[in-house]
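Asker: One-letter residues, chain by chain:
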Amino acid sequence: MKQDKDLVFLATCKNEDLRTLCDFLIYNKKGELRMSEQLSNSDAFLRHYPERMNLMATELSEELRKYGSNTIKTLYRHGEADSYETIVRRVCRKMDVEVSDGDSVPMMERQLMTEVCEQFTSQLSDEELHQIADDVGIVHKNLKRQALVYALMTAVRRNAMLLSRIVYYVITSLAEILLGRSITMMGLGTFGRYIGVATGPIGWALLAGWTISDIASPAYRVMIPAVMMIATMRIRQTALLTQKI
Amino acid sequence: MHPEDSKAIQVLQKTKSLNPLVRKIMEYGYENENRGVNLGNYLKVNAHNLPKIYQAFKDVVRKVGIKEPELYIYQDADLGAYTYGETNTFICVSSAVVDKFSVEELQCVIAHECGHLLCKHSFYKSILRTLMEMKDALGIITWLAFEPLYLALQYWNRKSELSADRCAAAVTGESVFQSMMLKLSSGVDAQIVNRSPLLDQAEEYHKFKNASWWNRIQQNCQEALYSHPYECERAYEIDRWKNSWQYRKLRSTDC
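Heads up: the protein sequence lines correspond to chains A and B, in order. Sequential numbering from 1 applies to the first sequence in our numbering. Sequential numbering from 1 applies to the second sequence in our numbering.
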């Protein structure tokens, strides 16, 4: 399979993030191996999981693309699966996220994750909203809840670092629900204390709202968390790069 | 557990309706029957009659972490071993294994059988055994009705051997496993210098099998009725697995 240009960056991502992505691809909600996964018995997995995940970035991207593609089409193309761009478009369509034909992969991923974060923000309690607003420097003394949520959503859309923090927190909660384990939250700072929110009833409502468990096709149950994880990694990398500059 | 074994068991676990019935048949049928046969015909190993072998056996059971099964030795010139049971478990080892294998290799064989007990393979092997006996008794009727299930169980059976091999390699080490496999496949006491010749043969076998569609179909059909994977495949799988974090973790924690 030819290398996908939008997934080349996986080789430079954090080990823990790649491990979470791998676990999304190979394990189901019950912690059992997925029937159609082909990664866990591969040479790359045996050699590199879980400590040197960047050395199996190619295998991860191939597995992801195979999951996101139609098997018969892939066979017809002699093993060449759909591109990651096609898969992201499909996921955005499934999640009712509006993207245009000319949008690049980073733009579509950002749009997807911004909408996820907005959903998440709207589910927080008043106290938590106030705390986040304090953290990002939004004056909220006389603001009603709706206005505060709107202000936070605007801040999320403008502030890449804030977006990356909330996105990372959402994906951590997703990992807890789908994999039964947390992932290391690096650089989240004050958001660490909000873990309880998304793993409790609100968290389930948030994710059920995105139809993780309602989605009919088993492929989407793999693809949506995987695309969200890749989007998170890319947003975080971009935010950190911007901060350094 | 080998990933293929794990996946195959997921499919088999969907036939939950048979579970309680088969468990009862096992406990009062096969387990009871086998215990009688073992006590009546074979030598039960204990600390008094074969202390060295018994000690080696206890070491393996401790490392695997299962309830101690009964160990029997039966007279047979062929190298072999088998295990059975969920409630009252036992392991039988042929006299040829005791004579021809070193203590470590014997431990490897016992660890392989303990692996089956650890992964609770006996339950599905009981279903397979029942089907095979029905096949012998009722011939074509069973073949027509149950052949797909039989083939599926044999497929799982081959994968379960890979899990048990992993247990053996984890307990005794990959090099002992390879030496045991070499003896098992050839019957001779060949020395392994750097790499087991079975591994080179495995590569040759894969090249041969993948050379054409016809070769692949032919070999798959041939293997479909086997209870065990080819010896070179078993050696190859463990050679690959020895690079994994699971193997390293299990070997470092004196599993």
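The reader is advised that the hints may include incorrect statements.
What the hints assert, rightly or not - Taking lysine-lysine pairs in the BS3-like style, the calculated list, with each CA pair at most 25 angstroms apart, reads:
#1 A:K29 / B:K58
#2 A:K14 / B:K249
#3 A:K66 / B:K67
To be verified - For each label pair, taking beta carbons as the anchor points, the in silico distance ranges come out as:
#4 B:N220 / A:S36: 51 to 61 angstroms
#5 A:S36 / B:K52: 22 to 32 angstroms
#6 B:Q13 / A:P50: 33 to 43 angstroms
Claimed, not checked - Just some of the chain A residues that point at chain B, by a computed CB distance under 10 angstroms:
#7 L33
#8 L46
#9 L143
#10 Y150
Hint data in this document are derived by calculation from the structure and do not stem from the laboratory. Even glycine gets a Cβ: it sits at the ideal position worked out from N, Cα and C.
Asker: Indicate, hint by hint, whether the structure satisfies it.
Answerer: Going down the list of hints, with the structure as the test:
no.	hint	in the structure
1	A:K29 / B:K58	violated (38 angstroms)
2	A:K14 / B:K249	holds (22 angstroms)
3	A:K66 / B:K67	violated (43 angstroms)
4	B:N220 / A:S36: 51 to 61 angstroms	violated (19 angstroms)
5	A:S36 / B:K52: 22 to 32 angstroms	violated (48 angstroms)
6	B:Q13 / A:P50: 33 to 43 angstroms	violated (27 angstroms)
7	L33	holds (5 angstroms)
8	L46	holds (4 angstroms)
9	L143	violated (51 angstroms)
10	Y150	violated (47 angstroms)
The earlier numbered hints that this structure contradicts are 1, 3, 4, 5, 6, 9 and 10.
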